[in-house]
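**Q** Guided by the hints, dock chain B onto chain A, whose structure is given.
There are 2 protein chains.
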Amino acid sequence: MLKELLTWMTPGWPLAFMAVGVLALGLAAATQTADPLPSWNDTAAKKSIVEFITKVTAAGSPDFVPAAERIAVFDNDGTLWSERPVAFQAFFTLDRVKALSPQHPEWKEKEPFASLLKGDLKAAFAGGEPAVLEVLMATHAGMTTDEFSKIVQDWITTARHPKTGRLYTEMVYQPMRELLAYLRVNGFKTFIVSGGGIEFMRPWAEKVYGIPPEQVVGSSIKTKYEIRGGRPVLVRLSEMNFLDDQAGKPVGINTHIGRRPIAAFGNSDGDQQMLQWTAAGGGARFLCLIHHTDAEREWAYDNTSSIGSLDKALEEAKARAWTVVSMKDDWKRVFPFDSK
Amino acid sequence: MLKELLTWMTPGWPLAFMAVGVLALGLAAATQTADPLPSWNDTAAKKSIVEFITKVTAAGSPDFVPAAERIAVFDNDGTLWSERPVAFQAFFTLDRVKALSPQHPEWKEKEPFASLLKGDLKAAFAGGEPAVLEVLMATHAGMTTDEFSKIVQDWITTARHPKTGRLYTEMVYQPMRELLAYLRVNGFKTFIVSGGGIEFMRPWAEKVYGIPPEQVVGSSIKTKYEIRGGRPVLVRLSEMNFLDDQAGKPVGINTHIGRRPIAAFGNSDGDQQMLQWTAAGGGARFLCLIHHTDAEREWAYDNTSSIGSLDKALEEAKARAWTVVSMKDDWKRVFPFDSK
Numbered sequence: 194m195l196k197e198l199l200t201w202m203t204p205g206w207p208l209a210f211m212a213v214g215v216l217a218l219g220l221a222a223a224t225q226t227a228d229p230l231p232s233w234n235d236t237a238a239k240k241s242i243v244e245f246i247t248k249v250t251a252a253g254s255p256d257f258v259p260a261a262e263r264i265a266v267f268d269n270d271g272t273l274w275s276e277r278p279v280a281f282q283a284f285f286t287l288d289r290v291k292a293l294s295p296q297h298p299e300w301k302e303k304e305p306f307a308s309l310l311k312g313d314l315k316a317a318f319a320g321g322e323p324a325v326l327e328v329l330m331a332t333h334a335g336m337t338t339d340e341f342s343k344i345v346q347d348w349i350t351t352a353r354h355p356k357t358g359r360l361y362t363e364m365v366y367q368p369m370r371e372l373l374a375y376l377r378v379n380g381f382k383t384f385i386v387s388g389g390g391i392e393f394m395r396p397w398a399e400k401v402y403g404i405p406p407e408q409v410v411g412s413s414i415k416t417k418y419e420i421r422g423g424r425p426v427l428v429r430l431s432e433m434n435f436l437d438d439q440a441g442k443p444v445g446i447n448t449h450i451g452r453r454p455i456a457a458f459g460n461s462d463g464d465q466q467m468l469q470w471t472a473a474g475g476g477a478r479f480l481c482l483i484h485h486t487d488a489e490r491e492w493a494y495d496n497t498s499s500i501g502s503l504d505k506a507l508e509e510a511k512a513r514a515w516t517v518v519s520m521k522d523d524w525k526r527v528f529p530f531d532s533k
Numbered sequence: 194m195l196k197e198l199l200t201w202m203t204p205g206w207p208l209a210f211m212a213v214g215v216l217a218l219g220l221a222a223a224t225q226t227a228d229p230l231p232s233w234n235d236t237a238a239k240k241s242i243v244e245f246i247t248k249v250t251a252a253g254s255p256d257f258v259p260a261a262e263r264i265a266v267f268d269n270d271g272t273l274w275s276e277r278p279v280a281f282q283a284f285f286t287l288d289r290v291k292a293l294s295p296q297h298p299e300w301k302e303k304e305p306f307a308s309l310l311k312g313d314l315k316a317a318f319a320g321g322e323p324a325v326l327e328v329l330m331a332t333h334a335g336m337t338t339d340e341f342s343k344i345v346q347d348w349i350t351t352a353r354h355p356k357t358g359r360l361y362t363e364m365v366y367q368p369m370r371e372l373l374a375y376l377r378v379n380g381f382k383t384f385i386v387s388g389g390g391i392e393f394m395r396p397w398a399e400k401v402y403g404i405p406p407e408q409v410v411g412s413s414i415k416t417k418y419e420i421r422g423g424r425p426v427l428v429r430l431s432e433m434n435f436l437d438d439q440a441g442k443p444v445g446i447n448t449h450i451g452r453r454p455i456a457a458f459g460n461s462d463g464d465q466q467m468l469q470w471t472a473a474g475g476g477a478r479f480l481c482l483i484h485h486t487d488a489e490r491e492w493a494y495d496n497t498s499s500i501g502s503l504d505k506a507l508e509e510a511k512a513r514a515w516t517v518v519s520m521k522d523d524w525k526r527v528f529p530f531d532s533k
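Protein chains in written order, with the numbering used here: chain A, 194 to 533; chain B, 194 to 533.
Isolated chain A (complex conformation) (with noise of 0.2 Å):
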């Protein structure tokens, strides 16, 4: 990368410009005694993310990455925060169809919104994916961009979780905070591939986790541009544009990032073609699922769960030697709240 900088530069060009990134790489490098891991047990699902760390960032190593290759890929849901009972979107939706019921007397009558505002998901859902699309595109399209934005914002600041009382940016896990953040400290862009709504995750996933938008990759419906009021506007129009899940991840990979990432975790069937992807490029790669296994700090389930089912993508773990973190068993704390 540096070197490919270097080609393209006049040689008039100051070169302390560059030397800002290699003092910065140089910092970074002194400052990696103490535990950047703070929250993990030291069992040898953290041995491995230090070791694979470790092996693509020092000088001279054969596994080494240069800087720019460094990609990252998570999943959200149940990845990065708790997805339990329900994925947290879920709720948002839930809320939003009450917020907008006022306006909307004929819901009361008609499915799947009549279930919905009697709080049956079960049989609102019951009509499978059709019934799904009608509220997403109920609650989630006719405004811009801008006004789902601040939607979103009002809500992820002020709703709680109907079991912890907390507020859903408070259930994100700690350990893989530190994580993220012990990426970044190590010349790794970290990115969010998660099959949540792109415009749901952008006004908080900066804060929460110091991912920035342009690093967030999701579902979305599609938009339009228009003047409105000699204004410049997105209308969020009732039309899916891309589902990243499933085979939709290596999909929304390609299409926002351009590379293929060299580490990815997940905790689902739904993340098993992303690591996939992620595993099939040439060079050290890290593969890692969350394994839900604590039914004390958060909730247990796998293979026979109808939301984040883990079966398939445990036995390719398994078969192929990928890290699975039990989070029992390897993580200290599981949220910020914790007390220890």
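Don't take every hint at face value.
You can't tell identical chains apart in this list, so a pair holds if it fits in one copy or across any two.
What the hints assert, rightly or not - In the DSS-like style, the derived pairs of lysine-lysine whose C-alpha atoms are separated by at most 30 Å in a straight line are:
1. LYS417 / LYS511
2. LYS248 / LYS315
3. LYS505 / LYS417
4. LYS248 / LYS343
5. LYS248 / LYS303
6. LYS311 / LYS356
7. LYS511 / LYS400
8. LYS301 / LYS525
9. LYS400 / LYS356
10. LYS301 / LYS311
11. LYS400 / LYS505
12. LYS505 / LYS521
13. LYS240 / LYS505
14. LYS311 / LYS240
Hints are computed from structural coordinates only; laboratory data are not their basis.
**A** Just chain B now, kept in the frame of chain A:
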């Protein structure tokens, strides 16, 4: 940004990690005494650029913009490199038709391929958009993303421009490369937002412009994840995914970047909406059109041109006092190979 990072870091997190960023900014500021834009004449255009960058980066400035929000977007064809006599991707396409023609004996008789093989682009594309799409799909789809990347790489390092005899990557504008580097040294993230193919630009944009694949936004065809011979691949399908031009540019910016740029550079009516979208944000903004006024060193064209037509956008630029760069008057040097 720094404050936000601090709020979610555990107290035990080594502060030295963050000091790196602060130090880097300090050093960058100290080195800005040398002229960062040596290929620009000392005219109003250069002055407006330097003034803008200074006012959004100087600590205490009323127009100060945090580094994370310093997003600058650049059209490619006609803004970062030439686009005459046709957009360079058209030469790539033509060369692909020639290379593939032995496998397609029927093309000798079949339009638009027959005319293309005779070098008659005008006749070939008399059929309009359907003809263009047919040729695009015949040359850009049907292979994996890795295979296509290799095809582009091979072409871009060997094919030469019919008039200048130069590699296409030599026909980039030296003043714009200096501007890209100058912006980055001041904490900006620089993005390409082009009507050209995203996968056509990515294989060389990092080397030529210092812009990594994840900061390239462009037009695309759909891809599909498959396992071929036990190996995951993304196959390029014969179906348009997204057209990143005109009103598509703000959509592409929102999809890929997720926040509004504070600076935008274009050269044609295809860039007008991107500039409008950028201009509509609050705070300091820099809007700029590159005007092709130099028939001697490059080409001179604007509103009467079929390629890179600059008409409505130029009117708006005059009305709203956007910066218009005259290549003839404002650039000391056009291409890196120019003598002065």
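**Q** Taking the hints in turn, state whether each one holds.
**A** Tested hints:
1. LYS417 / LYS511: between (45 Å within a copy, 26 Å between copies)
2. LYS248 / LYS315: The answer is neither: 48 Å in one copy and 55 Å across copies each exceed 30 Å.
3. LYS505 / LYS417: between (38 Å within a copy, 20 Å between copies)
4. LYS248 / LYS343: between (42 Å within a copy, 28 Å between copies)
5. LYS248 / LYS303: neither (58 Å within a copy, 55 Å between copies)
6. LYS311 / LYS356: Answer is within: at 19 Å inside a copy they meet the 30 Å cutoff, but 71 Å across does not.
7. LYS511 / LYS400: Answer is neither; intra-copy 35 Å and inter-copy 39 Å both fail.
8. LYS301 / LYS525: neither (47 Å within a copy, 69 Å between copies)
9. LYS400 / LYS356: within (24 Å within a copy, 51 Å between copies)
10. LYS301 / LYS311: Within one copy, since 9 Å is at most 30 Å while 67 Å is not.
11. LYS400 / LYS505: neither (33 Å within a copy, 40 Å between copies)
12. LYS505 / LYS521: Within one copy, since 21 Å is at most 30 Å while 62 Å is not.
13. LYS240 / LYS505: within (25 Å within a copy, 60 Å between copies)
14. LYS311 / LYS240: neither (48 Å within a copy, 63 Å between copies)
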